[in-house]
Amino acid sequence: MEFTVQQIASILGGKIIGNASAKIHTLSKIEEGIPGSISFLSNPKYEPYLYTTQASAIIISDQYTPKREIGAALILVKDPYTAFTVLLNEYNRLLNNSKTGIEQPSFIGSSSTVGENIYVGAFAYVGHNCTIGKHVRIYPQAYIGDNVQIGDYTVVHPGVKIYSGSIIGNNCILHAGVVIGSDGFGFAPQPDGSYKPIPQVGNVILQDNVSIGANTVIDCATLGSTIIGEGVKLDNLIQIAHNVEIGKNTVIAAQTGVSGSTKIGENCVVGGQVGFVGHIRIADKTSVGAQSGIGKSITKPGTAVQGSPAFDYKENLKSQVIFRKLPLLLKKLDDLEEKILNLSDKT
Amino acid sequence: MEFTVQQIASILGGKIIGNASAKIHTLSKIEEGIPGSISFLSNPKYEPYLYTTQASAIIISDQYTPKREIGAALILVKDPYTAFTVLLNEYNRLLNNSKTGIEQPSFIGSSSTVGENIYVGAFAYVGHNCTIGKHVRIYPQAYIGDNVQIGDYTVVHPGVKIYSGSIIGNNCILHAGVVIGSDGFGFAPQPDGSYKPIPQVGNVILQDNVSIGANTVIDCATLGSTIIGEGVKLDNLIQIAHNVEIGKNTVIAAQTGVSGSTKIGENCVVGGQVGFVGHIRIADKTSVGAQSGIGKSITKPGTAVQGSPAFDYKENLKSQVIFRKLPLLLKKLDDLEEKILNLSDKT
Amino acid sequence: MEFTVQQIASILGGKIIGNASAKIHTLSKIEEGIPGSISFLSNPKYEPYLYTTQASAIIISDQYTPKREIGAALILVKDPYTAFTVLLNEYNRLLNNSKTGIEQPSFIGSSSTVGENIYVGAFAYVGHNCTIGKHVRIYPQAYIGDNVQIGDYTVVHPGVKIYSGSIIGNNCILHAGVVIGSDGFGFAPQPDGSYKPIPQVGNVILQDNVSIGANTVIDCATLGSTIIGEGVKLDNLIQIAHNVEIGKNTVIAAQTGVSGSTKIGENCVVGGQVGFVGHIRIADKTSVGAQSGIGKSITKPGTAVQGSPAFDYKENLKSQVIFRKLPLLLKKLDDLEEKILNLSDKT
Numbered sequence: 000m001e002f003t004v005q006q007i008a009s010i011l012g013g014k015i016i017g018n019a020s021a022k023i024h025t026l027s028k029i030e031e032g033i034p035g036s037i038s039f040l041s042n043p044k045y046e047p048y049l050y051t052t053q054a055s056a057i058i059i060s061d062q063y064t065p066k067r068e069i070g071a072a073l074i075l076v077k078d079p080y081t082a083f084t085v086l087l088n089e090y091n092r093l094l095n096n097s098k099t100g101i102e103q104p105s106f107i108g109s110s111s112t113v114g115e116n117i118y119v120g121a122f123a124y125v126g127h128n129c130t131i132g133k134h135v136r137i138y139p140q141a142y143i144g145d146n147v148q149i150g151d152y153t154v155v156h157p158g159v160k161i162y163s164g165s166i167i168g169n170n171c172i173l174h175a176g177v178v179i180g181s182d183g184f185g186f187a188p189q190p191d192g193s194y195k196p197i198p199q200v201g202n203v204i205l206q207d208n209v210s211i212g213a214n215t216v217i218d219c220a221t222l223g224s225t226i227i228g229e230g231v232k233l234d235n236l237i238q239i240a241h242n243v244e245i246g247k248n249t250v251i252a253a254q255t256g257v258s259g260s261t262k263i264g265e266n267c268v269v270g271g272q273v274g275f276v277g278h279i280r281i282a283d284k285t286s287v288g289a290q291s292g293i294g295k296s297i298t299k300p301g302t303a304v305q306g307s308p309a310f311d312y313k314e315n316l317k318s319q320v321i322f323r324k325l326p327l328l329l330k331k332l333d334d335l336e337e338k339i340l341n342l343s344d345k346t
Numbered sequence: 000m001e002f003t004v005q006q007i008a009s010i011l012g013g014k015i016i017g018n019a020s021a022k023i024h025t026l027s028k029i030e031e032g033i034p035g036s037i038s039f040l041s042n043p044k045y046e047p048y049l050y051t052t053q054a055s056a057i058i059i060s061d062q063y064t065p066k067r068e069i070g071a072a073l074i075l076v077k078d079p080y081t082a083f084t085v086l087l088n089e090y091n092r093l094l095n096n097s098k099t100g101i102e103q104p105s106f107i108g109s110s111s112t113v114g115e116n117i118y119v120g121a122f123a124y125v126g127h128n129c130t131i132g133k134h135v136r137i138y139p140q141a142y143i144g145d146n147v148q149i150g151d152y153t154v155v156h157p158g159v160k161i162y163s164g165s166i167i168g169n170n171c172i173l174h175a176g177v178v179i180g181s182d183g184f185g186f187a188p189q190p191d192g193s194y195k196p197i198p199q200v201g202n203v204i205l206q207d208n209v210s211i212g213a214n215t216v217i218d219c220a221t222l223g224s225t226i227i228g229e230g231v232k233l234d235n236l237i238q239i240a241h242n243v244e245i246g247k248n249t250v251i252a253a254q255t256g257v258s259g260s261t262k263i264g265e266n267c268v269v270g271g272q273v274g275f276v277g278h279i280r281i282a283d284k285t286s287v288g289a290q291s292g293i294g295k296s297i298t299k300p301g302t303a304v305q306g307s308p309a310f311d312y313k314e315n316l317k318s319q320v321i322f323r324k325l326p327l328l329l330k331k332l333d334d335l336e337e338k339i340l341n342l343s344d345k346t
Numbered sequence: 000m001e002f003t004v005q006q007i008a009s010i011l012g013g014k015i016i017g018n019a020s021a022k023i024h025t026l027s028k029i030e031e032g033i034p035g036s037i038s039f040l041s042n043p044k045y046e047p048y049l050y051t052t053q054a055s056a057i058i059i060s061d062q063y064t065p066k067r068e069i070g071a072a073l074i075l076v077k078d079p080y081t082a083f084t085v086l087l088n089e090y091n092r093l094l095n096n097s098k099t100g101i102e103q104p105s106f107i108g109s110s111s112t113v114g115e116n117i118y119v120g121a122f123a124y125v126g127h128n129c130t131i132g133k134h135v136r137i138y139p140q141a142y143i144g145d146n147v148q149i150g151d152y153t154v155v156h157p158g159v160k161i162y163s164g165s166i167i168g169n170n171c172i173l174h175a176g177v178v179i180g181s182d183g184f185g186f187a188p189q190p191d192g193s194y195k196p197i198p199q200v201g202n203v204i205l206q207d208n209v210s211i212g213a214n215t216v217i218d219c220a221t222l223g224s225t226i227i228g229e230g231v232k233l234d235n236l237i238q239i240a241h242n243v244e245i246g247k248n249t250v251i252a253a254q255t256g257v258s259g260s261t262k263i264g265e266n267c268v269v270g271g272q273v274g275f276v277g278h279i280r281i282a283d284k285t286s287v288g289a290q291s292g293i294g295k296s297i298t299k300p301g302t303a304v305q306g307s308p309a310f311d312y313k314e315n316l317k318s319q320v321i322f323r324k325l326p327l328l329l330k331k332l333d334d335l336e337e338k339i340l341n342l343s344d345k346t
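Going down the list, the sequences are from chains A, B and C. Note that the first sequence covers residues 0 to 346 in numbering that gives the first Met the number 0. Note that the second sequence covers residues 0 to 346 in numbering that gives the first Met the number 0. Note that the third sequence covers residues 0 to 346 in numbering that gives the first Met the number 0.
Facing chain C, a subset of chain A residues (Cβ under 7 Å, in silico):
| id | residue |
| --- | --- |
| 1 | 234 |
| 2 | 322 |
| 3 | 323 |
| 4 | 329 |
Calculated from the structure, these hints are not laboratory results. In this text, a Cβ means the ideal position worked out from N, Cα and C, and glycines have one as well.
Generate the whole structure from the sequences, applying the supplied hints.
Given below as structure tokens:
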């Protein structure tokens, strides 16, 4: 993809100063501009880069008057940041939406149906009895088991594995290596010390607008469904155990793990590397600091916690500060003990 | 798969009250019953759901007399929980054992042999010189390198990657995205600050009845074997480093990591997100709390530890309780200091 | 691969005592020797194994005189450890370099070019407009998106997923299940509580001699590049977020996570399960203990830290020791309080 400064200025409704025929093929930050890229200047702090950037074009405020000569072409608009965001979205759309059609060899099971404008990459596998919506993109080497439903406009990146019976909503994004519907970790201890697997016959439901990061795993329910609510965003390498439910618009950072049957509320924000024990409930709008361990239910909406085991965020900070001073605290205690001994001797 | 209530009652040897020809195609919890599902009532606490469930059939005690009209068909048996488990296992068997044959395109290297009743999915790859047992299921896009042995009845889920030379026992389950036999993380520091890889030429051995969760990684040994003992159950996203050995029937929860050459005993239970340093030994029947960090060997069987760094489970709980009160403790100390100052003035 | 003791002795320039025609097909530690393997004796501590090992041949010092009869053939050399390392490297090279050619079916996009002596496994996918260097090995089921560059001698193990636009250097190793270039975790909160994805249009750059462990994920930059410096070694299951930069020859152990825009210096050593918050800078030669949480920048090169939140390594050890004794410390404080009460009564 390549555009001229002239073409971009037309899209943004901006005025050009400089070389209108310069060729643009990518976007950059102004401080990291390279020839062929377009950038923007919004925060005055970055103005010095205007005169040194290697970018071929800069989107800038129409109120701006250059103080010195500038190598880049300028596109003058009312709101440079908004204009750049428009461009960013357009660029992203072009980058990602170009794939359609069914590459060969690929495997689509009998009695499965696919919607219009679908992309199926080579070596992708769609099992039997699946319903795949329109404008869905299934990248190479993705696996979709039997009886899976996938909604419209959902993107299944390369190497995603979706076990049989899973239900995926509209507008979802599953990044490379995601596993949906693997067996829950349930075993019945036997008298001889061995463990017998408990059949895991439930499934996973992803509601609309869910985004799942690379190599994240979501286990199927023992019975019923593991449910990821509408608009939930999960980062990379996260573990979601069987029968977990995550409420609408909750966001969870990388490498966090949620144990079996735990229900997390709506609009929660969870940091990275957090662990939740099983069978607890987390209230809406809870915020959990990174590396915390959540050992019991949180019932009051809007609670902020930190620590392993976690408790009130601010209280935890106070305890952490004193933890660092424990050697001093111990010394103080020893000094007092000595003083008291001296006092006792005197009395 | 679809059965009538009549057919299921015959399997269970139960008596029917209600619609014997109702169609059943899935199982559910009574509180989450949907039309077409069969559920059970064992715990009296759940009795209210009997009158409201959408399930089409309920397995129930033959001692039970309904108090009001019930929508679902009833199947009366002696022990409803056991009867339901029989059904669950049968359903699971039907769900998972239906695949046989070799889908095309797939790749099976020359001089590799496969047993009877095998399933090889499309886009699966089996290298040269492999021995694959009978009733093995290798799902689509799985990779099996050269010189690999796989025992009977083992299931290799989609996208599993098994490096050359690995040995997998009978009745093992490897979930999607599992990696077996990747290089151990061994590098020799060089005088210029760079690192030179130390060749990792050992392999991985999984003994019988091992279950490995999705996206878990087990590195090959530098020399010799990384060994996962009989009946070991590993959850998702676990890291097992080179030359680790894990004893029979040990169970490890998700996102735990075991560093190089550490030997974990038999019948241990390890929580999620635990870390073990390298080159230590953990006694049989050790239990390790979630998010713990194990920095040294544990020699006494049956020890329970918690914390990072970990120590005795109960002692750790006590310290954690006081950790939360550190600000109070500090205040108390300051108050005492002042009192002593006052006393000193008086004497 | 199979060699006689005679052939190996010729390679090493060693003298043989025993069966020169014994067949060798693998390497072993002396204490784990199996028939058909060759081992070495360097550390005198291991001498007892010399008389019991099942190995078919032992590399040993030419100064050595056997005290008793030995089953294995002996190869006498000046420096047994160095000789064994030569053999180990040669064995490793033979094991791993045998693959060349393009297996079918595989997919190589139009206008992509591949260098000489390349290996492309079956079911591997190379997009459009890619430049793949010479002697590159792309194993089965690997995915390489459009516009990707890969340098010479790089190894892409099975099931690796490289998103469009990534740049991979020479001599890199990407282990199975690695994901390069997935979307950064960036979302703009909306007034209704939902989140809108921020387009991630940057890429990932891996410089030369980088090694990435199995199932590790490296996200692309929002704009610009996520950069993994020359000679960096990342272990398994690591999370590298968008716009992170990691300096030359830094080594990071398994399951660590680095949040967005953080810059880690050169020659750092980072333990496993560590978390770094976003937007900080870590000085060169920093060493970080396992399970630490790094919440702010580290400016002094050569700093060693530990803990969550992390501070000076030695100070942290001292605090940890006292943490274990908190119940005793509290008791001491209560005792003092009582003593003071008594003293106050007396005065």
